[in-house]
Amino acid sequence: MTALPRTAAHNDRARTVRAAWLIGLGLLLLILPRLIYPVLALDILAWGLFAVAFDLLFGFSGLLSFGHAAFWGSSAYVTAFLLSNGQSVPVAMLGGTLSALLLAVPIAYLSVRSAGIYFSMITLAFAQMVYFVALQWTDVTGGENGLQGFERPSLFGLDFSDSVTRYYFCLAVFALGFYIAYRTVRSPFGQAQQAVRDNEVRAQSIGYNPVRFKFTAFLISAGLAGLAGSMYTFGHGVVSLDVTKWTTSGEVVMMTLLGGTTTLFGPAVGAGLVLLLRDRLTTSDLPVGIVTGLVFVVVVLFFRAGVVGTVQGWLRRR
Amino acid sequence: MNTQLLLIQVFNGLVNGAFYALLSLGLAVIFGMLRIVNFMHGALYMLGAFTAFALGQAFGLGFWPALILAPLIVGALGMLLERTLLSRLYGLEPSYNLLLTFGLTLLTQDLVKQVMLSQFAVSSAPYTTPDVLTGVVNLGFVVFPKYRLFVIALTLVICLVTWFVVEKTRVGAIIRASTENPGVTRAFGIDVSKWVTGVFGVGVGLAGLAGVLAAPIYSVEPYMGAELIITTFAVVVIGGLGSILGSIVTGFAVGVLAAVGAAVYPPIANTLVFILMAVVLLVRPSGLFGLPEGTR
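Line order of the protein sequences matches chains A and B. If you're matching positions, the first sequence starts at 112 in this note's numbering and goes up one per residue. If you're matching positions, the second sequence starts at 3 in this note's numbering and goes up one per residue.
Accuracy of the hints is not assured; some may be wrong.
Quick look at which bits of chain A chain B covers, simulated, 3 or more residues with Cβ under 8 Å [stated by the list, open to error]:
1. 228-238
2. 242-256
3. 331-337
4. 358-369
5. 411-417
6. 420-426
Everything labelled a hint here was simulated from the structure, so no lab data went into it. Just so we're clear, the structure is a prediction, and the values are computed from it rather than from any experiment. Every residue, glycine too, gets a C-beta built ideally from N, C-alpha and C.
This is chain A alone, in the form it adopts within the complex (with noise of 0.2 Å):
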């Protein structure tokens, strides 16, 4: 990021992209389920969601986590292990967040202190770890078979064996996600995130802590990331080991790295990107690893401001 005198002028500018890419996104995300089939705009939002929540860390803390999906694949399992014992649906959600947080706790107290590509492999680990405990206690968790078939009971009228429904119900969560997504960044908190980011030995130097801020950022990351996973489960009505294998949680940096870091916005668009790249390649015969092992090379090499990093860039310079 490059320090930019903040002019009011500049800040209007910004202001009103902003709005403009709300307003946008919004009205997309309203009539998605016209334009693609319901269950993959559900896909949309929820690995939207992840892919912001993830964003919190590695663009506004520089933390590469490579262990998201530890959050938001238990999240996944506490949400399915809640619906199949009767329970309703917001409290099935709000158990797999808070599962989800309660996990980054010690994960991030062990993993904070450490900086650049340590973090990145100590968060692999400790994912790894939640991924065998998901294979090996079958009981809970169904092992390689995963859990399926579990209830999502009607709520204050509402059917939720209507995947539109659903859609409209979870994009209300993800507006809610967003918003504390939103409201994180443009803070105090989240200006003091970014300045522990771009040097930290000098944002220690004014008295912050910058252990504490990343510690914070982590949760807040780590507890989004499990509404998320929450999401994909209601979603689905099934969980597979997937969501707490490590080749997720590098996903999540490709949809984020995709759109594009530090704008919110980006990550989002980089999840619907890469879904309805793989919806597409699903029905081809084009092997979708190679695919999105290309995309993930070439956005890195070439592209590393994403589609809304590079948008944004051609609007500012116009």
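Please arrange chain B on chain A, whose structure you already have, making use of the hints.
Chain B in isolation, oriented as in the chain A frame:
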């Protein structure tokens, strides 16, 4: 648990540990010099095994020529990748190297899967042990497969040679100088970027070698490196990133501890290494053999 069973577990642990040690050694050499965390290391290990398999299928080459050729091929491929792709990211956040190599991992795994299916009509294949090394050795107190003993011995030799070269020879001095201060090293007339490419090739070649060694024990399949690389990362964190001695000692130690732990309490088999990592992080965040951050 009786002593004999325990000893067998220790030997099995040493075999697994040999692979951890070889892989984390390669990572240590690469990280020490280039500050790259090569996520692709697991995929290159798999490429080593796959190359050995493919050489056998296509040209009828046996284990011994493959043991020499496959690491060379993998090493050459690594050098090509370093020159064409990784070198573009030097000077950026080291995270980007991790991300690039992650993408390359996805690509490589699926590419090999496609090739195996289309060329050899299999998605996973066994690889036979060379005749000389089939059978078992009676060590007096325990009977153990010959081939596995060979893996332990060869790995030990290679680890010691690598350690010796890096720490005690002129070549090692150049490598370390290039790491500490590329500018000054260049001023002495040493082509740092050539050395960087070479070191990357050697580190990656070690992964290829581990792959060939693994082929007769585990079957050859596109995702064989995927789980292993995560465990190796945990080993690296425990030992201290970039420490050659740390990666060798920790590699073997973690292998043995995990195997013995699994014999005592089976469900813990896969997670023990990560629990170990958490404990080490609490006590020594820079790893057992690592220097505290900022001193490097």
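Now the hints, each set against the structure:
| no. | hint | result |
| --- | --- | --- |
| 1 | 228-238 | holds (count 8) |
| 2 | 242-256 | holds (count 4) |
| 3 | 331-337 | violated (count 0) |
| 4 | 358-369 | holds (count 5) |
| 5 | 411-417 | holds (count 3) |
| 6 | 420-426 | violated (count 0) |
Checked against the numbered hints listed earlier, the structure breaks hints 3, 6; every other hint is satisfied.
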